[in-house]
Amino acid sequence: MTGRPKVLLLVTLVACAVLSSFADEINPYYYDVIIGIGINIILAASLNLINGYTGQFSLGHAGFMAVGAYSSAWLSLTFGYSFGLGTFATTTTYFLTLVAGGLMAALVGLAVGIPSLRLRGDYLAIVTLGFNEIIKGIIQNAEPLGAQRGLGGMVQHTNFFWTFAFAALTVYVVLSLVHSTYGSGFLAVRDDEIAAEAMGINTTKYKVLAFVVGAFFAGVAGGLYAHFKQFIHPEGFNFLRSFDIVVMVILGGMGSTVGVCLAAVLLTILPEWLRVVDDYPWLPEWLRPITENRMILYSLLLIILMLTRPQGLFGAENFRRKAA
Amino acid sequence: MIEFLQQLVNGLAQGSIYALIALGYTMVYGVLRFINFAHGDVYMLGAFTGLYAAPRLLQAFGGGPSLSGAITVLVVAMFICAIIGILIERLCYRPLRERPRLTVLITAIGVSLFIENAGQYAFGAEPKSFPEIISDRAIEIPESLGALSTLTITIGQLIVIGVTLLLLIGLRATVLHTRLGMAMRALSFNPLAASLMGVNADVVISFTFALGSALAGAAGILTSIQQPSIDPLMGVNAGLKAFVAAVLGGIGNIPGAALGGVLIGLLEALVVGYINPTYRDAIVFAVLILILLLKPSGLLGKAEGEKV
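Line by line, the protein sequences give chains A and B. Under my numbering, the first sequence has 240 at position 240, and the numbering climbs by one with no breaks. Residues are numbered in my numbering as their position in the second sequence, beginning at 1, plus a constant of 1000.
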């Protein structure tokens, strides 16, 4: 990590504010992709805390995102304008709904973190996936949240500034946490849980903390998403969405925040680029079905990556342990 | 009361399917200590093998639905799935055998997603209707049995339960009374000692994948007899439920997987019958989380301490 993280964060925030004032001039399609990149960076960087730095394997990040998205959307729809209509009042309310969505997600993260005390690896993956489906099931049956119809009508508050400010904040918090003396515990839990415990590290506390912090930012990302798309649907938060985020973390390299952020950028742009595959006549015929279906490509990418470079594109020495 | 019996019959038929799939999860876990996420998709491939093979095979047996034709379709699907299972292990899992478990886990998820999405591309994403390989109709229950005569039991349900029982007996015989079965048990008991005693781990692991995948293929055909609408994502949900069943019974434990499958099937039927069908999936996952919290070793499994 660079020398002055706080200064760097401030500079990024100011840069976001300045750049945000030019947002009107961007082509709406590019704007959409850029906001998508920001939201994916938040999701991937926060999942990296759980999967990369702490060595847990969560497959339910979209569930946390759903909790944040629905909580903040519901708050906006219910209380959105009760504090007045001025720019300041709206902005403050919006900020508060985002944070509230994040806190709700963190609460759910706490609930998911608790079974993770007893489980590792494969089991945890399935349990988090199960939680994701349970959250989706609850939303599908909740009338105030629109149930199967989805929830819409939020005002588009999310802009360039909010998205990238939170992205910067996520990266800052994750890096500061992991690189602090206190945060070495995360790495210790990942590298060897038994040894860490023997050295007096409270592994339980670190695992739960990773889930709570990761879930908080996923919830904020959900809130940003809800107030950008202005319509959310339970199926948008199924395990395939979780899987998208996991692929970003694995491709970038588990435990490498820079790599994971780059992978988030890459994997947001790639499907958009492939969408116009018909414009590339030089692509051989047999490659077309693969490029037309993002998930075929992702799954092949995963298998090949695991067989040849399991530490991801930018990760290093994260897989030191031998198979048990 | 009749309503309850009806749900028991439905649950038993669905539970048999879960039991067959769960066996594959549990056997692979027994020898390799990892969860083969792609197993549910082998089940889907079994159903699609049936879809493509059935018209040709039934032609050979006179065209219409027939018992011998149905058995041939079942055997062909089991055989093809066994080969697919061996191939998956050979190409994707064997090169990673000495690697950390997380790497293998991610690969397994990748294989699963690849089969699902390549399947959507190859077979088409929309549901296909499965040909009638054996005529499925409700059985007439004599009036003399009173209220029982209002029960609806179909031939399909009886076939599912019957074939599952036969396959379970066959599996038990294979695991307990053949050399390969014994090698399989030895390997899951202690891999190092087994290899020192001359057990060829590669062969046994291939055999385990073949056996588990064949059972999943059979499950694919049996499901399609009851619900003749199949699609490339049918394996996702069934696979997850079967996995829950394997954990419920105690993962690595073969009778446990069969028991767990039947229990999950019954639970689902009761939830659908008495609570609300939309809660079916959520409740199954809630059961999984409860078992893992209260008794992670499952109903029949025995707790293992972690060796350092």
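Everything labelled a hint here was simulated from the structure, so no lab data went into it. From a predicted model like this one, the values you see are computed outputs, not experimental measurements. The C-beta atom is built at its ideal place from N, Cα and C for all residues, glycine as well. Some hints could be false.
What the hints assert, rightly or not - Facing chain B, according to a computed beta carbon distance under 8 Å, are these residues of chain A, among others:
#, residue
1, D32
2, V33
3, L75
4, F79
5, R118
6, N141
Here's how the hints hold up against the structure:
no.	hint	in the structure
1	D32	24 Å, violated
2	V33	23 Å, violated
3	L75	24 Å, violated
4	F79	29 Å, violated
5	R118	6 Å, holds
6	N141	6 Å, holds
Checked against the numbered hints above, the structure breaks hints 1, 2, 3 and 4 and satisfies the rest.
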